[in-house]
Amino acid sequence: MNQAIVLEALIKTVIVIGGLATGAAYLVLLERKMAAWVQDRIGPNRAGIPLTDIRLGGLGQPLADGLKVLFKEDFTPAHVDRWLFTLAPVLILVAAFAAFAVIPFGSVLPVRSAATGTGAPVSLVIAPGVNVAVLYVFAVSSIAVYGVILGGWASNNKYSLLGGLRSSAQLIAYELPMGLGLLGIVVAAGSLNLEEIIVRQAAGGWYVLLQPLGFIVFVVAAFAEAARLPFDLPECEQELVGGYHTEYSGMRLLLFLLTEFLHMITAAALIVILFLGGWHLPGGLTGSTDEVGWFGALARVVVLVGKVFLVIVVFMLVRWSWPRFRYDQLMSLAWKVMLPLGMVNFLTVAVLEQVRWAWRLEGPYWTALLAAAAWGVCAIAVVLLAVAAPGVADNRGCRFTESEEQTG
Amino acid sequence: MKADDPRVKWLDVPPMGLAEKLYLPLVTHGLTTTLRHLAAALAGKTVTVSYPEEEPQIDNPLIYRGVHRLNRDAEGRVKCVACFLCATACPAHCIDIVAAESPWPDREKYPASFVVDELRCIYCGMCEQACPVDAIELTSLYNLTGCSREEMVYDKEKLLSVYDATIDREPMRSADAGETA
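Read top to bottom, the protein sequences are chains A and B. The first sequence begins at 1 in my numbering and counts up by one. The second sequence begins at 1001 in my numbering and counts up by one.
Chain A with its partners taken away, still in its complex shape:
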C-alpha cells in the first residue's frame, strides 16, 4: 500500500512538473506574442519544426529558446561567492516547484485510489487532503526571497545586491496584505485546505463576489509577490540592469527566468482557487459534489486550467498597461493602503460570518444580502482611502529653487 501511495504521488509529480515546465516555456512565447500584439507588431512567428520550412506560427520558439540557452556558456564570474551563486537559482526553482504540491489542477478522477485503501477517488493534486495547504503555499513561496537575496548577494555586484534588497523588502511587505486578503477566505471557508475551499465556493458562491475587498488586496499583493509589472522593481532594467540575476548566464539564468513564470502561475492559480471558484463553473457543467463521472472530472480540469490561463493573460496585459511604481510608492501602497484595506476586509468578513452564524441566515437571499453588504463596505473603504490618500506620494511640485533661496 505504501508503494501505491508513492507511485501515485510520483506519477502526479511527473505530470505536474512536466506540465509546468512546458507551460512556462509556452508562457514565454505567449508573453512575447502579447507584447508584440499590444505594440502593433506580429511577434515571433518563424521557428517551427526544426530542419523544415514548416513554421506553425512560431510554436517552435520555446524549443529554440531553450536550446539557445543550453548551448550558452554558463559563466561564473571570478568575484562571486561560488557556492551561494550556484545555490541561489536551484533553491528558488525548488521552492517554486514545491508550492505546486498542494495546488490542485483539477478535482478528482472517478477511479478508486488503491493508495489510500479507503476507496476514495484519486485527487488531482500531488498531496491530497493537506489541511494546512494555504500555510504551506505561503511558507514555501516565501523561500523565493532567499533565492533572490542569495543571488543578489553572491553576485558581488551593486546592481544585483540592490535588486536583491529591493526584492526582499518588497516580498516581505506584500506578504502581509496577501495574508490579510486571504484570512477572510479562511474564516468564511473554515478550512486551510485548497480543495475544500473550492468545494465551499461551488456550494456557496465564489469569494470574489462575497469578498470583493479581499480580492482587490490579494490580487495586488499577488502581482507584487510575482514581481510582475507594475511591481517589477527587483529587476527593473532602467535602473538595475537586470537586478539580482545580472551576473547569471546560461542554464542558471534559465532557472531564474523559469522561476519567474512559475511564480506567475502560482499566483494565478491561487487567485483562481481562492476567489474565482477553482474548477467550478455555474450552469451545472462541473457539478458541485465529489461524485463526478469522467466527463465532469475532465471538464473540471479544463475549467481550472482555462481560468488560470485567463488570469495569466490579464497579468500579461497589465504589464503593458501601467507604468512601474517608484520604490517609495510601492512601499506606501503596501503599508498605508493595502494593509488597512486588508484589515477592513478581515473585520467585515468576520462580522458578516458571525451575523450569518448567529441568526442562521442561510439560503441564496441572505447570501446575496451579505454579499451586497461586503460590496458596500468595499466601496466605502476604497473611497475613504482615496479621500485620505495616505499612499499618494505626490512630490511632483518639489522645486530645487527652494533650497537655493534659503542658501543664497
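Hints were generated in silico from the structure; no laboratory data involved. Incorrect hints may have been included.
Okay, the calculated bits of chain A under chain B, using three or more residues with CB under 8 Å as the criterion [to be verified]:
id, stretch
1, 37-43
2, 124-130
3, 378-388
List of simulated lysine to aspartate or glutamate pairs, EDC-like, C-alpha gap at most 20 Å [claimed, not checked]:
id, chain 1, residue 1, chain 2, residue 2
4, B, Lys1156, B, Glu1101
5, B, Lys1158, B, Glu1118
6, B, Lys1021, B, Asp1005
7, B, Lys1045, A, Asp328
8, A, Lys336, B, Glu1020
9, B, Lys1079, B, Asp1106
10, B, Lys1021, B, Asp1004
11, B, Lys1021, A, Glu175
12, A, Lys336, A, Glu73
No residue lacks a Cβ here, since even glycine has one placed at the ideal position from N, Cα and C.
For chain A, the structure is supplied; the task is to place chain B on it using the hints.
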C-alpha cells in the same frame, strides 16, 4: 538661464482629483488602451513587414536614401563633370574620383573613374545635395548585399547600371527635390 530667472515661468502642478486618487479610472484607461491595440493586432492591423516574403512600401522613393546611381544625360553619357563637390561634401570620404579631360565639347572634365565605397557610405545624401549638375543621386534600392568587400565598391559602370535599372521607376529630380516632398 538660472532657475530664478524672471523669464522662467513656473507652472503649478494641478492637484490630483478624486478620480485620480481612486486609481480606478486611470487603471481602466490604461487597460482599454492596451486592449484596443491588442484587438487591432489580432485583427491583422500590425506595422510589421514580414521581409523577405513582403517588400516594404517606400512611401516616396524620391526622398529615400539607398544605393547611389550616376545619371546619364540625354545622349546617354555620364552627367558628371568631375567637379569633386560630392567627394568634398562627403563626411565618410567614400567617393573617389579620377578626373580627365573631357572627350566632349560641352564640358571641360569628366570622370575617368568614379568609385563609391558603399560600405563606408553612411547614406546621408550630402553628395546629392552638393552636386551642381544632378549627376549623383540616391535611389530607393535598400537591399544592398554582397559577398566581399571588393564587390561593395561600386565603380562608374556599376553606378551607371544602377541608373539604367532604376530610371523607369525613379525619374531624375532637381537638386531641391531631395529636401522635402
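> Quick check: which numbered hints come out false for this structure?
Replying inline: 2, 6, 7, 10, 11, 12
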